[in-house]
Amino acid sequence: MSNSLSPDHDQRLKVLLKEFFEQFFQCFFSRWAERFDFTDLTWLDKEVFLAPPQGEKRQLDLVARLRIRPDAPPLQSELTELVALVHVEVESRESVQPFRPRMFEYYTQLRRDSGLPVLPIGLYLRVGLEGIGWDAYEEYFWGHRLLRFEYAYVGLPSLPAEEYASGVNLLGVALSTLMRTPRERQAELYAESLKRIALSGENDWRRHLLTECLEAYANLDEVQRLRFQALLETEPYREAKPLMITTYERGKAEGKAEGKIEANREMALLQLDARFGPLAPEVQQRVAVLEAEQLRQLLVDLVKVSSLKELHLED
Amino acid sequence: MMTTYERGKLEGRIEGRRENVLLLLVTRFGPLAPEVQQRVAALDAEQLRQLLVDLIKAPSLSLKELHLED
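As they're listed, the protein sequences go chains A and B. The C-terminal position of the first sequence is numbered 315 in the numbering used here, with every residue numbered one higher than the one before it. The C-terminal position of the second sequence is numbered 1070 in the numbering used here, with every residue numbered one higher than the one before it.
The reader is advised that the hints may include incorrect statements.
[As the list claims (entries may be wrong)] Lysine-lysine pairs mimicking DSBU-like chemistry, simulated, CA-CA at most 30 Å apart:
{"no.": "1", "chain 1": "A", "residue 1": "LYS252", "chain 2": "B", "residue 2": "LYS1064"}
{"no.": "2", "chain 1": "A", "residue 1": "LYS57", "chain 2": "A", "residue 2": "LYS18"}
{"no.": "3", "chain 1": "A", "residue 1": "LYS18", "chain 2": "A", "residue 2": "LYS241"}
{"no.": "4", "chain 1": "B", "residue 1": "LYS1057", "chain 2": "A", "residue 2": "LYS309"}
{"no.": "5", "chain 1": "B", "residue 1": "LYS1057", "chain 2": "A", "residue 2": "LYS304"}
Think of the hints as simulated: they come from the structure by calculation, not from any bench.
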């Protein structure tokens, strides 16, 4: 039953979380949502550092620097800091065992680098635990606990899809396909979620992100799929169907355009390699970042020129 | 499961490859016979890629050697 949780999907999930960051808190940590000022937010997730003891470079999923509202309770007694970091790390594996020490490493590193208070949150796609709570990493020496590090977590598989799919929070709706659903309700909930997003009044881009997430993690079998398609023809969906189709078509058209660009890039690289190859990594990198129109031009120019310089692929 | 965007991307890649293959064929061999066009239309993603590679790396191959003609 394990549907592929591709790195691609997880990458786009991060884009969605960024776009709906405030909703993320409202959805899962509503008490905290009102303590942050989401209008004063900077993303720091480009941050890459050496994570001991492995010493490798790591990129954290999401790190936001946020202002805390002055009327929120103090973070610690005698601490008047009004800026904090929120670190959200997505875990898509079936076990969170290796994730726990990593969260601790990230935490210590973030604290050391920034000097700011850090709120760490794990978002579990495949492990439910208690749904929402505190998970912990511990270290022992001869049975004595030296350390206990806690971080907040959301374990989507333990949350009731029914409740979130029909709730007001659109991010909750989009994540509902990762939540606990009775098999016989899957098709209905999926259709209902798509309808909610279609009628949400959000702009095209945001609707597209939400729909993508819902689709990416949906796990309908053949029976449920047919049932879903039949449902779309029924009265409750009549109103939403045109919008649902628009979102679908937009996604499809965007994918298609991207696929064509890839095909052109592939052809350009093959032709360049045949004529001037083997290609230096710098040349490949330059081709990798060309946009649609530049690629088309390159393919045209390729027949006329005799050097990479003339194609501006070499200095 | 595969999203609509990803399905579109796959289709776009195949369509783009097919267009590029046809472009190279026409450039090399002139107007194509309907049978040749039909054979190209029936190729899947991987076969199209192979044909593209052959067309570019071995510019002297004939339509027959490219398996587009009997």
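What hints, given by number in increasing order, does this structure fail? Structure breaks hint 1 only.
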